[in-house]
Amino acid sequence: LAKTTQPISMDSYEGQEVNITCSHNNIATNDYITWYQQFPSQGPRFIIQGYKTKVTNEVASLFIPADRKSSTLSLPRVSLSDTAVYYCLVGERGSSNTGKLIFGQGTTLQVKP
Amino acid sequence: EPEVTQTPSHQVTQMGQEVILRCVPISNHLYFYWYRQILGQKVEFLVSFYNNEISEKSEIFDDQFSVERPDGSNFTLKIRSTKLEDSAMYFCASSGSSGEQFFGPGTRLTVL
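Listed in order, the protein sequences are those of chains S and Y.
Residue numbering for the first sequence follows our numbering, beginning at 1 and increasing consecutively.
Residue numbering for the second sequence follows our numbering, beginning at 1001 and increasing consecutively.
Isolated chain Y, as found in the complex (with noise of 0.2 Å):
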């Protein structure tokens, strides 16, 4: 059964250090998005790309925030310099035509 991968599966960092989460999506899946999820609250939504272009974008993705799709693969989420609230699980999903989504294991991001 295809997966949506994620890597790497735990990173540790410096405050405002940059970082790069990296997603691997099904792979005729079209739609992307990143959802974070802080230590005992819920899922939310970051952002939505379709097309080589965001779709939507919460107030949480903010210009630290940056999503790219560098190849026909890889799906990656830069936080450019980070701050010890963006400490969080970071789960990539991703859609076909259906709109069910598959999510991966998710990244723990940890900022000390």
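The shape of chain S in the complex, shown without the other chains (with noise of 0.2 Å):
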């Protein structure tokens, strides 16, 4: 499994987009970007998916380089309700992948009125 590095902690304020960038040196070509977020005392919750260029649904976006060794989520205009843990996860996907997930210690975003 390939290791992720993001930071540790990171502040905004409301209405600001948010970038939090995940570097992925070893990632294999089988292997998909995901992230999770987790609210205090609650499960991790799936926000986004992507292989390569540019992914985009109702939450967030995921910015994928051509050399695939990093990866950035982004947030539009951040809420109060968005200050969560953003955990970036690599693997494979699909039913090649039915297996565990790897949490590293995740990003901790706060979000300031």
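What the hints contain is simulated information worked out from the structure, not anything from laboratory work.
Do not take every clue at face value.
What the hints assert, rightly or not - Okay, derived cross-link-like pairs now, DSS-like style, lysine-lysine, Cα gap no bigger than 27 Å in a straight line: (1) Y/Lys-1057 / Y/Lys-1078; (2) Y/Lys-1042 / S/Lys-69; (3) Y/Lys-1078 / S/Lys-3; (4) Y/Lys-1042 / S/Lys-112; (5) S/Lys-52 / S/Lys-69; (6) S/Lys-3 / Y/Lys-1057.
Assembling the complex is the task here: the two chains are given apart, and the hints tell you how they should meet.
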């Protein structure tokens, strides 16, 4: 499993765009990049997943450069309720991967009013 | 939207006692997992379960731990003789063929 590195913490203000970058230099060809969000005293929640270029859903965008050695989770116009820990995970997906998720320490995002 | 549920939300027990944590995975999912998170630490994988048997387990999942799917809907984690260091949030998760894991709200286990 590819190791990931992301900032321990970030601060932002309401209404700003937040970009959290994750490094995964040893990503394998079959690996996808997945981001989870965790609020205090709750289970992690899937946000977005991608393989290359850009993926967007109703919650976030995920930017992946051509070499795939990093990725950036972008949260548009954050609110106080986006205060959470954000985890970047790298691994195979789909029927080829129904196995464990390896969580790092994640990035604690604090959104201030 | 279907969700994973867990009971109880909080369990307090005495050291050495057995506890059973219960989970109801999403109904059409076939893969089930338990994770735990000690306060202030990262989420750790315990065990995965498929086709009525353990697929993979971590070093944490020793002989004191067991899992079972006693019927078509429940998935349980049993700790045979709890230790103080078993105090943590325990999360159940399930997934379908897409691999995306859906987590439950967790059970906070406190061992006194």
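(message) Between the alpha carbons of Y/Lys-1042 and S/Lys-69, is the straight-line distance 27 Å or under?
(response) Distance ~23 Å between Y/Lys-1042 and S/Lys-69 Cα, so the pair holds.
(request) Could you grab the alpha-carbon distance between Y/Lys-1078 and S/Lys-3 and see if it respects the 27 Å cut-off? (result) Distance ~31 Å between Y/Lys-1078 and S/Lys-3 Cα, so the pair is violated.
(message) Does S/Lys-112 sit within 27 Å of Y/Lys-1042, going by the straight-line distance between their CA atoms?
(response) holds, 24 Å
(request) For the pair supplied as a hint, S/Lys-52 and S/Lys-69, confirm whether the alpha-carbon distance does not exceed 27 Å. (result) Cα-Cα ~10 Å, so holds.
(request) For the pair supplied as a hint, S/Lys-3 and Y/Lys-1057, confirm whether the alpha-carbon distance does not exceed 27 Å. (result) holds, 20 Å
(request) Would you mind confirming whether the straight-line C-alpha gap from Y/Lys-1057 to Y/Lys-1078 stays at or under 27 Å? (result) holds, 14 Å
Hint 3 from the earlier list is the only one contradicted by this structure; the remaining hints agree with it.
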